[in-house]
Amino acid sequence: MKIVAVCGMGIGTSVLLKMNAEKVLAKLGIDADVEAADMGVARGAAQTAEIVLTSEELAEELGDVPAQVIVIKNFFDLEEITEKLTAAVE
Amino acid sequence: MALNLAEALASIETQAEAADWRAAIRLAGAGLVTGGATTDAYTDEMIAAVEKHGPYMVIAPGIALAHSRPSPAVLTGGLSWVSLATPVEFGNAANDPVTLVIGLAAKDHAAHLAVMQALAGVLSDSGAMKRLAVAGTADEVRAVLGELAAAA
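Those protein sequence lines, which keep their order, are chains A and B.
Residues 1 to 90, numbered by my numbering, are exactly what the first sequence covers, in order.
Residues 1001 to 1152, numbered by my numbering, are exactly what the second sequence covers, in order.
The shape of chain A in the complex, shown without the other chains (with noise of 0.2 Å):
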């Protein structure tokens, strides 16, 4: 599975994110392939991608894709992660 975390600038919180996704990915024993972006390089990447994990602010921003987007709302919250990943992937 191809998943894509999405930031503004591709160097800060989508790497925190892609991260924290593994270390969500890795417990639930699902294989995928996280890669971190930026806004520019997402709207590519996420042609391709099952699902985008990335805030609100930039969901909007990125617009209808045919990926599955998952908003995050605090992304140190391993719960909130794995709550919404699970249901992803179901």
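One or more hints might be untrue.
[As the list claims (entries may be wrong)] Computed list of lysine-lysine pairs in DSBU-like fashion (alpha-carbon distance at most 30 Å, straight line): (1) A:27 <-> B:1052; (2) B:1130 <-> A:27; (3) A:84 <-> B:1052; (4) A:73 <-> A:84; (5) B:1052 <-> A:2; (6) B:1130 <-> A:23; (7) B:1107 <-> A:23; (8) A:73 <-> B:1130; (9) A:73 <-> B:1052; (10) A:2 <-> B:1107; (11) B:1130 <-> A:2.
Worth flagging that the hints you see were computed from the coordinates, not collected in a lab.
The hints should help you fit chain B onto chain A, whose structure is shown.
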């Protein structure tokens, strides 16, 4: 032992006063400049990033990760730490108000991954974050971060 985040911090300012989110980011930017990590232009780039993309950098309750992208304004890269005496609104419905602003500058997309790992470890430790939020001096912040690194 994990990387000690304190060693990656170009500057630490505690219980600072900022009138609004721009002032709060300016403090984080000034910290990066003081530590030799960036030039003043990077501070403007961080503010422009929020103006362009909205306050998404408030990534968890009370925590803003101010940053822009790699640019000529990034000299060495690094982090700055600014805790605020009075919380500031960034306009992020889920995670306002902000009490800690971390300034981040990176030379490229890969160079800072060990630092980000250490940062993620600290920010996800709610017990440590409570102690860091009330730390009154840079030495107190360094002491807590040092303990965390030794325990990790």
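* Asked: Hey, residue 1130 (chain B) versus residue 2 (chain A), does the alpha-carbon distance stay inside 30 Å?
  -> violated, 35 Å
* To do: Below or equal to 30 Å on CA atoms is what counts here, so check residue 2 (chain A) against residue 1107 (chain B).
  => Holds, at roughly 27 Å.
* Pair hint residue 1130 (chain B) and residue 23 (chain A), alpha-carbon separation not exceeding 30 Å -> holds, 23 Å
* Asked: residue 73 (chain A) and residue 1052 (chain B): Cα distance at most 30 Å?
  -> Given pair residue 73 (chain A), residue 1052 (chain B) holds - Cα atoms ~19 Å apart, limit 30 Å.
* Pair hint residue 1052 (chain B) and residue 2 (chain A), alpha-carbon separation not exceeding 30 Å -> holds, 27 Å
* Restraint check for residue 27 (chain A) with residue 1052 (chain B), where alpha carbons must lie at most 30 Å apart -> violated, 35 Å
* Take a quick look at whether residue 84 (chain A) and residue 1052 (chain B) sit within 30 Å of each other, Cα to Cα. => holds, 27 Å
* Hey, residue 73 (chain A) versus residue 84 (chain A), does the alpha-carbon distance stay inside 30 Å? -> With Cα atoms ~11 Å apart, residue 73 (chain A) and residue 84 (chain A) stay inside 30 Å; holds.
* Below or equal to 30 Å on CA atoms is what counts here, so check residue 73 (chain A) against residue 1130 (chain B). => Within the cut-off at roughly 20 Å; holds.
* Going straight from one Cα to the other, do residue 1107 (chain B) and residue 23 (chain A) come out at no more than 30 Å? -> holds, 26 Å
* **Restraint check for residue 1130 (chain B) with residue 27 (chain A), where alpha carbons must lie at most 30 Å apart** => Roughly 27 Å separates the two Cα atoms, so the pair holds.
When held up to the earlier numbered hints, the structure conflicts with 1, 11 and fits the remainder.
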